[in-house]
Amino acid sequence: MIWNETKECMSRDQMTALQSARLVKLVDYMYHNVEFYRKKMQAIGLMPGDIKGLEDLTKLPFTTKDDLRDNYPFGLFAVPNSQIVRIHASSGTTGKATVVGYTRHDLDVWAECVARCMTMAGVTKEDVIQIAYGYGLFTGGLGAHDGAQKIGATVVPMSTGNTKKLTTMMIDFGATAIACTPSYLLHISEALAEEGLLDKIKLKSAICGAEPWTEKMHKEIESRLNIKAFDIYGLSEVMGPGVACDCEFHKGLHVCEDHFYPEILDSATLTPVADGEVGELAFTTLTKEGIPLIRYRTKDLTSLDRTPCECGRTSARISRFKGRVDDMLIIRGVNVFPSQIEAALVEVEEVTPHYMMIVDRVNNLDTLEVQVELDQKYYTDEIRVIEALTKKIAHVIQQALGINAKVKIVEPQSLVRSQGKAVHVIDNRKLY
Amino acid sequence: MFAKQLTVFIENRAGRLSEVLSVLKENKVNILSMSLADTTEYGLLRLIVDNATLGKEKLIENGFSSLLSDVSIIKIAHTAGSLQTLLKVIDKGGVNIEYMYGLSIESEDAYVVLKASDSEKIDEILNANGVKTLSCEDLAHI
Numbered sequence: 001m002i003w004n005e006t007k008e009c010m011s012r013d014q015m016t017a018l019q020s021a022r023l024v025k026l027v028d029y030m031y032h033n034v035e036f037y038r039k040k041m042q043a044i045g046l047m048p049g050d051i052k053g054l055e056d057l058t059k060l061p062f063t064t065k066d067d068l069r070d071n072y073p074f075g076l077f078a079v080p081n082s083q084i085v086r087i088h089a090s091s092g093t094t095g096k097a098t099v100v101g102y103t104r105h106d107l108d109v110w111a112e113c114v115a116r117c118m119t120m121a122g123v124t125k126e127d128v129i130q131i132a133y134g135y136g137l138f139t140g141g142l143g144a145h146d147g148a149q150k151i152g153a154t155v156v157p158m159s160t161g162n163t164k165k166l167t168t169m170m171i172d173f174g175a176t177a178i179a180c181t182p183s184y185l186l187h188i189s190e191a192l193a194e195e196g197l198l199d200k201i202k203l204k205s206a207i208c209g210a211e212p213w214t215e216k217m218h219k220e221i222e223s224r225l226n227i228k229a230f231d232i233y234g235l236s237e238v239m240g241p242g243v244a245c246d247c248e249f250h251k252g253l254h255v256c257e258d259h260f261y262p263e264i265l266d267s268a269t270l271t272p273v274a275d276g277e278v279g280e281l282a283f284t285t286l287t288k289e290g291i292p293l294i295r296y297r298t299k300d301l302t303s304l305d306r307t308p309c310e311c312g313r314t315s316a317r318i319s320r321f322k323g324r325v326d327d328m329l330i331i332r333g334v335n336v337f338p339s340q341i342e343a344a345l346v347e348v349e350e351v352t353p354h355y356m357m358i359v360d361r362v363n364n365l366d367t368l369e370v371q372v373e374l375d376q377k378y379y380t381d382e383i384r385v386i387e388a389l390t391k392k393i394a395h396v397i398q399q400a401l402g403i404n405a406k407v408k409i410v411e412p413q414s415l416v417r418s419q420g421k422a423v424h425v426i427d428n429r430k431l432y
Numbered sequence: 001m002f003a004k005q006l007t008v009f010i011e012n013r014a015g016r017l018s019e020v021l022s023v024l025k026e027n028k029v030n031i032l033s034m035s036l037a038d039t040t041e042y043g044l045l046r047l048i049v050d051n052a053t054l055g056k057e058k059l060i061e062n063g064f065s066s067l068l069s070d071v072s073i074i075k076i077a078h079t080a081g082s083l084q085t086l087l088k089v090i091d092k093g094g095v096n097i098e099y100m101y102g103l104s105i106e107s108e109d110a111y112v113v114l115k116a117s118d119s120e121k122i123d124e125i126l127n128a129n130g131v132k133t134l135s136c137e138d139l140a141h142i
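For the protein sequence lines, the chains are R and X, in the order given. Our numbering applies: residue 1 is where the first sequence begins, and numbers increase by one. Our numbering applies: residue 1 is where the second sequence begins, and numbers increase by one.
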């Protein structure tokens with residue numbers, strides 16, 4: 001089934017015309033409502049009237065996560081707070097969060113996009129769907145929730161953290177769909193297998209996102225639970241989950257491109273590459289009111305396919321992700337930058353600036369170990385003191401990242417010092 | 001009076017203890033007693049040596065963590081109940097013992113090495129009760 005045939009199956013010409021018209025309107029809107037963009041455009045001598053359609057998009061400057069940080073918290077909002085009805089936030093590269101705001105219309109568009117994605121995954125109003133993303137500042141929970149509700153499905157807002165309750169309700173409520181991170185779903189499947197409950201579930205499909213996953217994981221989830229699994233993509237800066245999703249043919253993720261115009265940029269020159277070539281994905285939010293962004297660089301590496309899909313949709317598809325341009329990690333669905341750890345450790349007098357993050361996946365749950373060296377004068381003869389210090393560092397990291405890390409104090413001079421760019425991360429998960 | 005204990009933080013890796021000991025050997029630092037407090041991740045090697053200052057310096061030169069701390073080394077008779085008698089005295093003074101281990105040499109007496117929660121107070125208690133403790137000087141001549 002297709003949720004919105006008019007928009008999802010448009011001819012390429014119609015889509016380009018729609019995108020062009022929306023871009024012209026967007027640039028004018030932003031020039032007049034966001035000082036940051038106005039100044040940026042003025043600096044390069046660009047007026048709203050210079051943008052006449054998609055062909056002029058490359059004249060516009062890029063937006064980055066740093067721009068959001070520099071304008072923390074509301075500097076890039078295009079409307080006064082009286083029109084903002086919801087705030088979400090994700091990790092920034094250092095201490096400050098990346099904050100986004102939604103108008104009522106933005107939330108409607110978001111729910112529409114998620115509804116399209118969930119329909120691709122076969123969800124209808126007959127389904128009982130458990131939303132097992134975190135509810136809160138993270139866009140996953142509430143984003144998936146609103147979309148499922150728009151379809152008219154029976155929404156069970158599980159959030160995360162209690163697998164036992166989730167599996168019990170999955171069986172008792174006869175849940176037919178679930179939305180969560182793929183690693184969490186594998187963990188759930190193990191919990192079900194351990195209890196011998198796999199044949200008691202009625203699950204048919206899963207909408208998984210918020211972290212990269214491999215084809216191998218996809219197959220594993222489908223075979224273990226005997227369901228269909230779908231890949232949903234999004235990022236809070238652009239909207240949240242629902243920017244793109246894959247259909248039953250799994251030939252890339254369909255972008256809701258009437259709302260988000262995708263570009264693939266050459267990593268070195270930042271000029272658009274041809275369809276099919278791998279580069280950095282950037283989005284222009286064509287209809288957003290709260291915090292519209294022009295050419296927002298996602299740092300995700302992928303390629304674009306604009307040929308119609310066997311499912312009937314004509315929307316552009318992005319391929320499975322090939323990696324990241326920066327050093328961002330996704331741990332238990334949470335974006336983590338090594339620079340955040342660095343900034344947090346500066347607060348702890350006893351440790352040196354050297355650290356190493358070891359990311360792994362144990363029983364399908366991500367683990368993070370942070371190794372730190374103490375300043376020579378803080379090594380002690382009492383275990384009690386080391387244990388207390390370990391706890392203190394873990395707390396500081398938890399506050400900065402929002403996830404628990406295991407802290408390991410190591411010997412002085414034992415962490416690798418490298419010439420030039422230091423290596424701070426060992427990721428044993430092999431996600432790309 | 002306190003003696004200096006040499007403490008080394010070592011990660012639980014095969015061969016690491018031996019590397020510490022080889023630094024001491026090369027520099028002719030003699031170990032009189034030791035205790036290894038182990039956790040799942042690391043160990044604290046506590047050593048009583050004949051030249052703690054030299055030991056610390058050489059270990060740091062070789063990239064180990066190393067520190068000196070004040071401990072009381074107390075001579076007790078090699079007879080049943082003598083340690084308990086000592087502890088009674090310390091308990092009465094209201095001081096906690098952080099850790100303790102033995103040191104024995106070929107003589108009729110034994111020694112215990114202990115670190116108390118309050119170093120000033122432990123010294124007072126021991127002095128007031130006429131309990132003799134060893135100094136670094138003494139250790140160099142054992």
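Rather than coming from a laboratory, the hints here were simulated on the basis of the structure. No residue lacks a Cβ here, since even glycine has one placed at the ideal position from N, Cα and C. It is possible that part of the hints are untrue.
Stated by the list, open to error - Listed next, the in silico DSBU-like pairs over lysine-lysine satisfying Cα-Cα at most 30 Å (straight line):
id: 1; chain 1: R; residue 1: Lys408; chain 2: X; residue 2: Lys56
id: 2; chain 1: X; residue 1: Lys121; chain 2: X; residue 2: Lys132
id: 3; chain 1: X; residue 1: Lys88; chain 2: R; residue 2: Lys377
id: 4; chain 1: R; residue 1: Lys125; chain 2: R; residue 2: Lys202
id: 5; chain 1: X; residue 1: Lys28; chain 2: R; residue 2: Lys204
id: 6; chain 1: R; residue 1: Lys40; chain 2: R; residue 2: Lys125
id: 7; chain 1: X; residue 1: Lys92; chain 2: R; residue 2: Lys377
id: 8; chain 1: X; residue 1: Lys56; chain 2: R; residue 2: Lys391
id: 9; chain 1: X; residue 1: Lys56; chain 2: R; residue 2: Lys392
id: 10; chain 1: R; residue 1: Lys59; chain 2: R; residue 2: Lys125
id: 11; chain 1: R; residue 1: Lys377; chain 2: R; residue 2: Lys164
id: 12; chain 1: R; residue 1: Lys392; chain 2: R; residue 2: Lys406
id: 13; chain 1: X; residue 1: Lys25; chain 2: R; residue 2: Lys377
id: 14; chain 1: R; residue 1: Lys96; chain 2: R; residue 2: Lys164
id: 15; chain 1: R; residue 1: Lys204; chain 2: R; residue 2: Lys430
id: 16; chain 1: X; residue 1: Lys121; chain 2: R; residue 2: Lys408
id: 17; chain 1: R; residue 1: Lys392; chain 2: X; residue 2: Lys132
id: 18; chain 1: R; residue 1: Lys322; chain 2: X; residue 2: Lys75
Stated by the list, open to error - In silico contact screen, one side only, chain R against chain X (beta carbon under 8 Å); selected entries:
id: 19; residue: Asp172
id: 20; residue: Asp266
id: 21; residue: Gln376
id: 22; residue: Tyr379
id: 23; residue: Asn404
id: 24; residue: Lys408
id: 25; residue: Ile409
id: 26; residue: Val410
id: 27; residue: Leu415
These are the hints, each one checked on the structure:
A distance of roughly 24 Å separates the Cα atoms of Lys408(R) and Lys56(X); the hinted pair therefore holds under the 30 Å criterion. At most 30 Å may separate the alpha-carbon atoms for a hinted pair to count; Lys121(X) and Lys132(X) meet this at roughly 15 Å. Distance check on the hinted pair: Lys88(X) and Lys377(R) sit about 34 Å apart at the alpha-carbon level, beyond 30 Å; violated. The straight-line distance between the Cα atoms of Lys125(R) and Lys202(R) is roughly 16 Å, inside the 30 Å bound, and the hint therefore holds.
A distance of roughly 72 Å separates the Cα atoms of Lys28(X) and Lys204(R); the hinted pair therefore is violated under the 30 Å criterion. Straight-line distance between C-alpha atoms of Lys40(R) and Lys125(R) comes to about 46 Å, which puts the hinted pair past the 30 Å bound. A threshold of 30 Å between alpha carbons decides the hint, and for Lys92(X) with Lys377(R) the separation of about 33 Å lies outside it, so the pair is violated. Simply put, Lys56(X) and Lys391(R) have alpha-carbon atoms about 28 Å apart, close enough for the 30 Å limit, and the pair holds.
Pair hint Lys56(X) plus Lys392(R) holds up; C-alpha atoms about 28 Å apart against a cutoff of 30 Å. Among the hinted pairs, Lys59(R) with Lys125(R) is inconsistent with the structure: their alpha-carbon atoms are about 44 Å apart, more than 30 Å. Among the hinted pairs, Lys377(R) with Lys164(R) is inconsistent with the structure: their alpha-carbon atoms are about 46 Å apart, more than 30 Å. This hinted pair checks out: Lys392(R) and Lys406(R) have alpha carbons roughly 11 Å apart, not beyond 30 Å.
Simply put, Lys25(X) and Lys377(R) have alpha-carbon atoms about 24 Å apart, close enough for the 30 Å limit, and the pair holds. A distance of roughly 34 Å separates the Cα atoms of Lys96(R) and Lys164(R); the hinted pair therefore is violated under the 30 Å criterion. Taking the CA atoms of Lys204(R) and Lys430(R), the gap is about 28 Å. The hint holds against a cut of 30 Å. Between Lys121(X) and Lys408(R) the CA atoms are separated by roughly 34 Å; this puts the pair beyond 30 Å, and the hint is violated.
Restraint check: the Cα-Cα separation between Lys392(R) and Lys132(X) comes to about 39 Å, which exceeds 30 Å; the hinted pair is violated. In summary, the hint linking Lys322(R) to Lys75(X) is not supported, as the alpha carbons are separated by about 69 Å, beyond the 30 Å threshold. For Asp172(R), the shortest C-beta to C-beta distance to chain X is roughly 40 Å, which exceeds 8 Å, and the interface hint is violated. Contact between Asp266(R) and chain X, as hinted, is not supported at the beta carbon level, the nearest pair being about 44 Å apart and thus beyond 8 Å.
Interface hint at Gln376(R): satisfied, since its Cβ lies 6 Å from the closest Cβ of chain X, which is below the 8 Å cut-off. Because the beta carbon of Tyr379(R) sits about 4 Å from the nearest beta carbon in chain X, less than 8 Å, this interface hint is met. Taking 8 Å as the C-beta contact cut-off toward chain X, the hint placing Asn404(R) at the interface is violated, the least distance being around 16 Å. The interface hint given for Lys408(R) holds, since its Cβ lies 6 Å from the closest Cβ of chain X, which is under the 8 Å cut-off.
Because the smallest distance between the Cβ of Ile409(R) and any Cβ of chain X comes to about 7 Å, under 8 Å, the interface hint for this residue holds. Interface restraint check for Val410(R): the shortest CB-CB distance to chain X comes to about 6 Å, inside 8 Å, so the restraint holds. For Leu415(R), the shortest C-beta to C-beta distance to chain X is roughly 11 Å, which exceeds 8 Å, and the interface hint is violated.
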